[in-house]
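Full structure from sequences and hints, please.
So the chains spell out like this:
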Amino acid sequence: MAYKTRYFNQASAFLIIFLFLFSCFFSCSSKLDRDILKIGISEEPETLNIWLASDTNSRKILSLVYQNLYIRDPETLKLIPWLAKADPLYDPEDLSYTVKLRNVKWSDGSDLTADDVVFTVNLIKQFKVPQYISKWRFVKKIEAVDKRTVKFYLSKPKAIFLTRSLGIPIVSKKEWSLVVKKALSKKKSYKALINHKIENPLGCGPFVLKERRCGAYIFFEKNRFFFGKGKTIKGRKLGPYIDKLLFKVYRSADVAILALKKGSIDYYWACIQPGHVDGLSRDQNIKVFVSKKSAFYYMGFNLRKTPFSDPYLRRAIAVLIDKKFIVSRILQGFATEMSSVVPKGNEFWHNPDLPMYGAGLTRDERIQRAYKLLALRGYSWEIPPVNDKKEVVSPSTIRLLDGKPMEEFTILTPPAGYDPHRAACGTIIQEWLKDLGLPVTSRPMSFGALLDKVKARHDFDTFILGYGMLSLDPDYLRSFFYSKNNRTRGWNMSGYNNKEFDKLADASLAEMNNDKRRQLIWEMQSVLLNDIPYFPLYNPTLIEAVNNKNFTGWVKMVGGIGNIWSLCSVKPAQGTSKK
Amino acid sequence: MDIKSFFIKRSVEIIVIFFIMMTILFLLFHFAPGDPVSMMVDPSMTSEDAQYMISQLGLDKPLLTQYLVYLKNFFQGNLGNSFYYGEPVIGIIGNRLPNTILLFTTSIIISAFAGVFLGKIAAWHKGEKIDTFGTIAALVCHTLFLPWTALIIIWVFGYKTGLFPLGGMLTPELWINPETNFLIKGIDIIYHMTLPLFTLCIIHFGSYMLIMRSSMLDVMGEDYILTAKAKGVSDKCICNHHIAPNASLPVVTSIGLSLAFSVNGGALTEIIFSWPGLGRELIFAVTNNDYPLALASFLFIAIVVLIANFIVDILYTYLDPRIKY
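These protein sequences, in sequence, are chains F and H. According to the numbering used here, the stretch in the first sequence is residues 891 to 1469, in order. According to the numbering used here, the stretch in the second sequence is residues 562 to 886, in order.
The hints are simulated quantities; they were obtained by calculation from the structure and are not laboratory data. Just so you know, not all the hints are guaranteed correct.
[Stated by the list, open to error] Lysine-lysine pairs mimicking DSSO-like chemistry, simulated, CA-CA at most 27 Å apart: (1) K1081/F / K622/H; (2) K1177/F / K1124/F; (3) K1152/F / K721/H; (4) K1078/F / K633/H; (5) K1081/F / K633/H.
[Unchecked claim] So the derived label-pair ranges between C-beta atoms look like this: (6) N1404/F / E740/H: 55 to 65 Å; (7) K565/H / L1074/F: 51 to 61 Å; (8) N1438/F / F706/H: 27 to 37 Å; (9) K746/H / N1438/F: 29 to 39 Å; (10) K1046/F / D621/H: 25 to 35 Å; (11) E740/H / K1461/F: 26 to 36 Å; (12) P1310/F / P882/H: 49 to 59 Å.
For every residue, glycine included, the Cβ atom is placed at its ideal position computed from N, Cα and C.
Okay, here's the thing in structure tokens:
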């Protein structure tokens, strides 16, 4: 039919013109400014309001804008002065710390003064900003001694003041004072504060936000007033050496990796799954960074419930869990086994001398040891997992201390779509526990529902969860296991209650001498590994990749190369700059 | 019933259904496990701090009070602020909706035209090679797994050949350049739209084609078609003027509903192509218990679907004069 041929020809011609035009367009657009450092992020930041920001991407973006008084040295991980000029001076007489500030300017050219620091802390206290207030409750007064000196008065000695409290980002009084005034006049002042929309945050970091297009990009330019420019801090001469910085959103990790290989982005600021490493390593323009992470993935027990309240049962479960298998097979070697609640990489605080349940044993030996532990305690089986000839056999359901068969229980895990590793851990641990006659089912559920069951309602048996970004100060031990935190929405999700531990936790919080505090923290870890409210499983390593065709000079530290040091050090690769 | 009475009756029905939906949605979200504060996994936040946050967000009040407050705010045109974005949800939806409409509505229109056109040809040539090939192609496309198809298309056209961008809605490097004019920006959006549009059309055209083909075959067996043939009416005229209009009712229903549901976008497509639309926000709001954003998004979809149904009902009376309300 003639009309069909006509349609076909028209459609073909249209398609060819369309492809030609777009190919031309693409070749033009791909030659765009190579001096822009392009970073891919997995989601767009939810907000630029620092007091609301709780998601990773908002924090990443805001870390380039708002700066802290002290930050971590990338190599030693010790706190070093950043906005502050020197280490704080402690006066035990009046329990005060004096901090002197550098000559720092906000990105609009005005001075950052002691008033800004006082304003920031007062804002946190006035609005009880939930993310920060717990670090400032014990500070009874703060005053600006002069333009560049701030004095903090503590109500009692607190070890976390240096490591946690002084790590807050400082905001500009000029930017926030009106917002604060307006918010305070409202009935729900904190709500009013977090609902204030910030378009262009005023900071003092190395970059200034120029433009944000929702869902597409965030564009920064170099802050010409950045205090670190040209300064050498801890042996690093700071830039920034790049004029423009562009964040692009790639919601699919697979597509982001293609973009990295293609050169559409220079760095993908998110954790890459181990499966991509081989493919990336084969590309000569790509450099893969594997960094330590201050993270902690564990199995938790509900100590409020029988039989999980019995430490012997928890120890037997610990013996059955083969962490080496989890790390080598499930995480493909991109993790370290955890022997304590404090990660190994946190060398100063990590206690290396802790019981290693079942380490080095074969599967049968693990079953035999766990069986022995429980049999001695008084647990029984109709068909025990180990027969008279000491051979491992398929057991009947375990009988508890009262002689009744144990009821079916669950291991709650996040779904595979959220975290495939934790979901797989749940499945494999389920199989290992069945070898001892423990009637268990691994049950992945949505993350929100899981947290609701575990944290808010305490309606669970066991669970597998983790913290991806633990602070380097191990004060979280107190949050996780202090008996007073065993309440709805409290962090003591296991319901752990040990007076000895509480005493150590209190002492560690008040101890100002780091070496003495370390001893206490070590003892706390020892108590925890003996009682096992949480059984530490693994600490994943952070895999990141950069395309080093256009830029080099990334700084690796705990938590990866996405840090302020990198962005102050990255330089255009030789021969790529237009200048 | 005349059209005026029908209009009034359906409008009342729509309003009642809307409020029932609103109540159900409100209850569903508030009974779903978890709350936005539980999702904030910051170990330094104590249970008192969490409780304080809950009270500030108004989630500590009894459910009935929360519902009444919601209704009151709704009638004042205030659908609340997102718990995570801290912005009015109307603004968030308003930001994303045009992007979603642009991509998904365009894809439905193109795939519907292609599907109807090819379905018509396939039915007219029933049993011939063109019908067999077309039907198989439609079935294959209809059953394709979207994420896989999308990734393959990105890999081939975006990465290997480099003809199209890998994702996003625009080229940031172009947009940050103050010299870029409006025309270039427009072309840039179309350029970025090509791959997701192509993917969606491939996935969707099959269903329209199959519906049109089967509907055409039904009509082709009718006596009046035989009469038309006996009268010597040309094939083209029978196909285009006798069969196609009568076969279009089910297709119109399908297109109408698809257009209505297109406002919720497709989370998977938006995620893979990094398209800043409403679908991804909807998923985010539901999984993170962002009640105001989730409620507003669903209510918006409900309104559009109800109105689209209404329009389809009216269209029926024009397409088939035998239909009376």
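Checklist entry - When you take the CB atoms of P1310/F and P882/H, is the distance between them in 49 to 59 Å? => result 58 Å, holds
Checklist entry - Per the hint of 25 to 35 Å, is the separation of the Cβ atoms of K1046/F and D621/H within bounds? => result 31 Å, holds
Item to check | Agreement of K1152/F and K721/H with the hint, judged by alpha carbon distance not exceeding 27 Å | outcome: 9 Å, holds
Next on the checklist: Hint check: K1081/F vs K633/H, CA-CA at most 27 Å. Holds or violated?
Outcome noted: 19 Å, holds
Checklist entry - Honestly, do E740/H and K1461/F meet the 26 to 36 Å range at C-beta? => result Distance hint for E740/H, K1461/F holds at roughly 27 Å.
Item to check | Outcome of range test on Cβ distance (K565/H, L1074/F; 51 to 61 Å) | outcome: 55 Å, holds
Next on the checklist: For a C-alpha distance cap of 27 Å, please report whether K1078/F and K633/H respect it.
Outcome noted: 18 Å, holds
Next on the checklist: What's the verdict on K1177/F and K1124/F, does the C-alpha distance respect the 27 Å limit or exceed it?
Outcome noted: 25 Å, holds
Item to check | Whether the CB-CB distance between N1438/F and F706/H falls inside 27 to 37 Å | outcome: Since N1438/F and F706/H have Cβ atoms about 35 Å apart, the given range 27 to 37 Å holds.
Next on the checklist: Holds or violated: K1081/F and K622/H, Cα atoms, limit 27 Å.
Outcome noted: 15 Å, holds
Next on the checklist: Can you tell me whether the CB distance of N1404/F to E740/H sits inside 55 to 65 Å?
Outcome noted: 56 Å, holds
Checklist entry - Regarding K746/H and N1438/F, is the given constraint of 29 to 39 Å on their beta-carbon distance met? => result 31 Å, holds
Hint compliance for this structure: every hint is met.
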